[in-house]
Amino acid sequence: MDQRRLLIFSIISTGVTSVATQLVTIREFLTQFHGNEITISLVLFCWLLLTGIGSLAARWFRQSSIKVYPILVLTIAILPILQLLAIRGFKEAFFTHGVSPGFYQIFFYILITITPYCLLTGFILPYAQKVIIASGHEFESGTLYLTDTIGDILAGALFSFVLVYLLKPFSTIAVTSTPLILSALALLFYSRKRALLPAVFLLTLLFYYFSTNSRFEISSIAPQYGRIEQYIESPFGRIVVTKEGDQQTLWESGVPLYSGSNIIKSEEKIHYALSQFNRVEDVLLVSGGLGDTMTEVNKYRPISVDYVELDPKLTKAAEDIGIIKKRQGLNIINTDGRSYLKDTHKKYDAIILDLPEPDTFQINRFYTAEFFLLAKKALKKEGLILFSMGYNPDYLSDIWRKKFSTIYSTVSLHFRNILVLPGEEAYFLCSDRNLETDIPSLLAKKSISTSYVEGYFYGNVTAERIKRLKDCLDLSAPVNTDFDPGLISIVLRHWFMEYGASPNYFFLAVLILTITYLMFIRREEYVLFSTGLSVMGIEMLVVFAFQVVYGYIYLKIGAIVTAFLLGLLPGAIIGNRITDISKTKLIASELSVLLLLILFYLWAAFFRTGLHPVFYLIYSFFFSLVCGFQFPVAAGMIGEAKSPAAGCLAADLVGASVGTLATGTILIPIFGIKVAVISLIIIKMSSAIIASVSGKNR
Amino acid sequence: MNTMLTRKEFIKTMGLCASALLCAGPGYGFLGDEDQVDIKGHIFENDAPEEPWKWSIEGFHYETAGETVECQICPNHCALDPGDRGACRSKVNIKGKLYSLAYGNPCSVNVDPIEKKPLNHFHPRSLIFSIAAAGCNFRCLNCQNWEISQKRPEDVQHDELFPADVVKTAKDRGIPSIAYTYSEPISFYEYMYDTAKAARAAGIKNVLVSNGYINPGPFLKLCKYLDGANVNLKSFDDATYRRLNGGTLAPVLETFKNMHREGVWFEMTTLVVPSYVDNPEMIKRMCAWILKELGPDYPLHFLRFFPLYKLSRLPATPVETLANLRDIALKEGIRYVYVGNVPDHEGTHTYCHNCKKILIERKGYIIAQYNIENSLCRYCKAKIPGRWG
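Chains as they are written, first to last, in full-length UniProt numbering: chain G, 1 to 698; chain H, 1 to 389.
Just chain G, same shape as in the assembly:
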């Protein structure tokens, strides 16, 4: 392999390792912190921004060295493991053990731990271009973009379809860094820095020793968890089983999902619902079938109990440690709960929902008008659905009133009777049948004995508390729907209140910095900025819409993300092949992006369902194809001398970072999907106008 090819191979390998590291890092932060869209947006925002700054920094370097480049390449290959170790290790030093940090703490922690890697990966691409040019070859920005994209696509597909199912994070890094390590070794050999080779070999050996050593990996998460009995990575998150004395705790993505027996919760959710029936035949549990839940359900001797849990690895781990109590007629169904309700023809007496707070798009789908309609269709004539929300029984804050009122308005679209019982959590019972409040007497009639409800109900769930809860509900509150997920913004506001923080200062700072940045870039760079923004924004919207319609199916969502990456390649190839770069072509691409955005808006506003999944893939592919086309065209219009890859890449990355943040944390949760698309359309219109008045044709 000649030196030029080797350098190109190293650029592709950099793409591979950087995308794989990005995906592994996002998953790591989701496990370490609050696993909602805010965390994802913050990681992507920091990642893209820092990478953009890294690219920009390369502008300042006039000289490049083939001797330094292999060292940088090797550093990028090895750094991801150190980054993961830092994220895991520093957390215990940085924060109080057991604490969930707040927004600003998460932001700064992300920023500090990923800065070295992101700056370096942003820096190395334009630096690589300089190295290639310095060695006497032609290599334009468009070609650089295309080459890097090949690596991105390979990593995206490899991770989403293979590695996430097979390997743990350290091993994933070991596999995806291998091409880069090989290219670093070969480049060192070519660059006559052979004296360094023994040290580099030793470093490489150490890297593989630690990254493939499962005990080392387990020890890196032990401070957070304690005594680990099982550690499993699934596409949906990290499952850990720990042991504290006789108690086993099942952790899902850093949060204790089941921690010894919690008879209070098991009794409340089961008996408040099932005691309403004279005879219970078919029960559906959407999540929460662990521990004492089945024991309590069994007291009613139902014919069948269907327990739907998304992650098969989670139910397998729970079965292994004996916290799913087996019974005749128990069916464990591993799929998305909402998809199951959509597809099933079975009718249930009771559906018992045991899910976390709706602070993610994924969970919000279980608290929308559309979901309750599906649930009603799956219930028998006088069937009942129960769900709960954690709250403070002694004081109902304004935000809780809003939360409960929104839910109440939403369920009352489909159910005649709604009873809210103020237990340890607020339990919503929704049905067309009459609902009784005196649960202990219903249980006594059935001769069902309980540990908690019998003794504590009358002291905790008093008539006064039931009335107060009911009186606080605002029946005119807006309904929570799939595409206008108002409940998420209430829950997120509540999350911010817990930390006494407001994200407004942060958003203001981002806005000021973005405006300042925009003042200093070229018009064509603004086009790339807006394209980066739109592509990340629309990617979030497409994934969000797909989840709403088809459920959280990891493989298919992975396919959408890959389609977004895949489209960039032919786009960039076409863009690079164009020899007569003209303003008209840039404007045409702008209009194409606008058209695609308008298409999405029309679908979101008027149709919403009925599209085959393949349409999502085709749409994603074409959207990114147009965006991929724009990069070499815009870069070509500016000219390498005026803005080499560094400036164009930076514009694209900064735009992408702002797009991620704005769409994931503000536009969708607060304003809903339609406003989010309209905002993207407005931004793209502005860039189309700017493109039309920009410089001459080349």
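Hints were generated in silico from the structure; no laboratory data involved.
Derived PhoX-like pairs: lysine-lysine, alpha-carbon spacing no greater than 25 Å straight-line:
(1) 342/G to 376/G
(2) 470/G to 116/H
(3) 171/H to 467/G
(4) 346/G to 380/G
(5) 445/G to 363/H
(6) 381/G to 445/G
(7) 556/G to 313/G
(8) 467/G to 168/H
(9) 116/H to 467/G
(10) 363/H to 299/G
(11) 363/H to 446/G
(12) 383/H to 356/H
(13) 313/G to 326/G
Fit chain H to the given chain G structure using the hints.
Relative to chain G, chain H alone:
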């Protein structure tokens, strides 16, 4: 002008950035001494209202130095310039005077079983009228009432019940006791004090449910009207108090000694937070102190922890740990040790310290057996400590 960086300059800049980050570290607890982490509340500068509102009263215990006032209620000793608000959020300096903004404006009003406080040796089977106003002098990471304890009185929804109204309501409803509870009553000291005084005059008992972080002066005055209390002994380690609660241990211990001296019936509650408050050696030291300073008669409750508020990434306390700590405390010589938040556990019942027979069998708040007569064990006639009515 050449604006390009040389490689050397770049490395130098990066070095400076790294140093800045490392220097910032200790500010977040990073690279600092773990035992030094302190989440103590701070005063809020320029956060006071311009004028007192309807539910204000001039503070009962404060000192002045010019326009600056220093609150003397709790060991935080907040020194407030005009316009400042204390760490508890309910005390403010308005024009050189200390005001409480939590007087007659309870944000939570409920009628609870006395066992819910928890109080197992204080008039069992009775109901208690429970009130709270906003504010707290601690910053507990696992606070279940953070929406009232970590809020300003102006920021919560509230009723209007001045001391006389509280007493009248309790009396009209035939409820024999009033509890100052849920948030932190020390932060609404003036409201509690006046209500307790009026309640005593009306023959109604007063119960304090608190973290015990109060100065002896105001507390001794309050004790005159207190009949019972449940005070948290959150741990027996000062570093844990600072780290999880933002307080210190010594003033709390002083509160226990004062209640003992003043003849206020009290029970102690320890929430067993895994990896912080579950060390058997610490519990032994705690029991030794209790026995030495307070004697063996005051009940001790070990409560099961569940992940809550900011402390949501810890497992629940293993029931085995609670049973083990209960055994330790009993062995050390505490006569009445209970387990809480675990329904149907044997540690929820009361056993005679002398004959070990069941005195009170509890099924939640329902009492299935009651074997105390005239404060004596029905079986062996041993005197059972408590207020049995």
